[in-house]
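A.B. asks: Chain A is fixed; fit chain B onto it per the hints.
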Amino acid sequence: MKTLILKDIDDLVIGSLGIVAFISFFVGGVITIQTALNIDNPLIPKYLIGFATRQSIILEFAPTFTSIIMAGKVGSFITSSIGTMRVTEQIDALEVMGINSLNYLVFPKTVALMLYPFVIAIGMFLGILGGIAAGVFGGFTSLEDYISGIQTDFIPFHVSYAFIKTFVFAFVLATIPSFYGYYMKGGALEVGKASTTSFVWTSVVIIILNYLLTQMLLS
Amino acid sequence: MIEVKDLHKSFGDTEILKGITTNFEQGKTNLIIGQSGSGKTVFLKCLLGLFDYEQGCIAYDGKIFSKLSDAEKRNLRAEIGMVFQGSALFDSMTIAQNVMFPLKMFTKQSKSEMEDRVNFVLKRVNLENAHNKMPSEASGGMQKRVAIARAIVNNPKYLFCDEPNSGLDPKTSIVIDNLIQEITDEYQIVTVINSHDMNSVMEIGEKIVFLKNGYKEWEGSKDTIFKTDNTSVTDFVYSSNLFKKVRRMYIEENE
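Chains A and B, in that order, give the protein sequences.
Numbering-wise, this note's numbering puts 12 at position 12 of the first sequence, and it's gapless, one number per residue.
Numbering-wise, this note's numbering puts 75 at position 75 of the second sequence, and it's gapless, one number per residue.
There's no promise every hint is true.
[As the list claims (entries may be wrong)] Computed list of lysine to aspartate or glutamate pairs in EDC-like fashion (alpha-carbon distance at most 16 angstroms, straight line):
#1 K45/B - E95/A
#2 K222/B - E206/B
#3 K222/B - E25/B
#4 K123/B - E186/B
#5 K73/B - D61/B
#6 K45/B - E89/A
#7 K227/B - E206/B
#8 K45/B - D92/A
#9 K45/B - E163/B
#10 K212/B - D235/B
#11 K73/B - E95/A
#12 K7/A - D91/B
#13 K67/B - E3/B
[Said to hold, decoys possible] Anything over 12 angstroms on all C-beta distances counts as not near chain B; from chain A, calculated:
#14 I9
#15 V13
#16 G18
#17 F22
#18 V30
#19 N41
#20 Y47
#21 E60
#22 I122
#23 A133
#24 F167
#25 I208
#26 Y211
#27 L212
Hints are computed from structural coordinates only; laboratory data are not their basis.
For every residue, glycine included, the Cβ atom is placed at its ideal position computed from N, Cα and C.
Chain A extracted, bound-state conformation:
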């Protein structure tokens, strides 16, 4: 089981670092540029660019929208890999051997994805860093204003809120795609359909839970 968990950490968590880092860095940059371009009133202080970027990244982009992207990457991988095992009778082989296949296949993925907040933390950091790069090197703000902005009215609970959401989404990312893979019927075509359905439902559940958690934790 330990080997399986380590393999799933490699496949699902470490394997996602690259795409999350890339997207976070550039989206952070875009948020900064768009915020700067929309502040045309000279009375609005420039440090608000850093402030808005920080809030957008920490509260929504990193935990929620990265999770939806991960529903496509990690979720489809889980559904298709388990679904292929179903189609090729590998799950039946486990059952015949007396192995609890559901536990054998899903539990390591669930445990591995409990490290998913680590990916989101890196996403948050790189998003804000991308904002600095785009804002300062693009001439939209100064480094001092940006640093001042990301320190303004900082509420530590917002980070906790983001990580609470991330833990919940990690569970969703592990279980819903596993469900669609494990209980699929048919052949190769159905594996593709199951992956698509799993992505849709994982995204829907993440969006609904995001609303409910925000209502519960922030209002």
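C.D. replies: Here is chain B on its own, set in the frame of chain A:
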């Protein structure tokens, strides 16, 4: 021995198995044959405990499967080896890892003991140099042999094979058939084979159970199947002109 009594299995309103009673003997290759849709695969999956059934009982050496506790079922399953139609090798593991898998799950052997056992069974199925290949790098015949190696690595008492020759050329089919028969004889296991392949029936059918529309229509052996006057069996087994000729010659020779 595996004893089956009055086995009934339905999916919704459709009854697939309609009261099958038979037994599968130790040290013999027992074949289940029948047309597509006759209930062979469902019967095999009931024997394996993959499907629950509504009525009847299956006993493994006197132990009634449905009355066993979960722990007893797990222990029994550790004594079962299965060769799936598509081999069902784990894609993410090498051939050696696939074969070692049951040992890792069910024994407390040291790594060197497991490696020795894997080397032994891979040699037994003539795959000495394939340890580090991935299943996708192996041919269909090799995959079947790996599946057989995985099925026997834990010294099973019962070996089940679901159409072990499907997708294989005639020469490789004979190799696989002979291998299964040798292993059955050597380890005195109960082997149950689900097959469409009439060559297998003639070569290794020490006991043959013929299913038709969910009923056990006939049972016998590769010798008695030549003499049977059951038209359902003869229509199925001797459907090709070649087999009709073979049967005629066999009967003429033995008259």
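A.B. asks: Checking one constraint from the list: CA of K222/B to CA of E206/B, max 16 angstroms. Satisfied?
C.D. replies: Satisfied, since the Cα-Cα distance of roughly 6 angstroms is no more than 16 angstroms.
A.B. asks: Given the proposed pairing of K73/B with D61/B, does the C-alpha separation stay at or below 16 angstroms?
C.D. replies: holds (13 angstroms)
A.B. asks: Quick check for students: does the CB of I122/A sit more than 12 angstroms from each CB in chain B?
C.D. replies: I122/A clear of chain B: closest Cβ-Cβ about 27 angstroms, beyond 12 angstroms.
A.B. asks: Decide if the proposed pair is consistent with the structure: K7/A and D91/B, CA atoms, cutoff 16 angstroms inclusive.
C.D. replies: holds (14 angstroms)
A.B. asks: Are all beta-carbon distances from Y47/A to chain B longer than 12 angstroms?
C.D. replies: About 51 angstroms separates Y47/A from the closest Cβ of chain B, which puts it past 12 angstroms; holds.
A.B. asks: Check whether the Cα positions of K212/B and D235/B lie no farther apart than 16 angstroms.
C.D. replies: Holds - the C-alpha atoms of D235/B and K212/B are around 12 angstroms apart, at most 16 angstroms.
A.B. asks: Confirm or reject: L212/A is not an interface residue toward chain B, with every Cβ-Cβ distance exceeding 12 angstroms.
C.D. replies: holds (37 angstroms)
A.B. asks: K222/B and E25/B: Cα distance at most 16 angstroms?
C.D. replies: holds (15 angstroms)
A.B. asks: Beyond 12 angstroms from every Cβ of chain B: is that where the Cβ of G18/A lies?
C.D. replies: holds (21 angstroms)
A.B. asks: Tell me if the straight-line CA distance from K67/B to E3/B falls inside 16 angstroms.
C.D. replies: Distance of about 14 angstroms is within 16 angstroms: holds.
A.B. asks: With a cut-off of 16 angstroms on the C-alpha distance, tell me whether K45/B and E89/A pass.
C.D. replies: Roughly 12 angstroms separates the two Cα atoms, so the pair holds.
A.B. asks: Just to be careful, I want the Cα atoms of K45/B and E95/A compared with a cutoff of 16 angstroms; is the pair within it?
C.D. replies: Holds: K45/B and E95/A sit about 11 angstroms apart, inside 16 angstroms.
Figure legend: structure checked against the earlier numbered hints; every hint is met.
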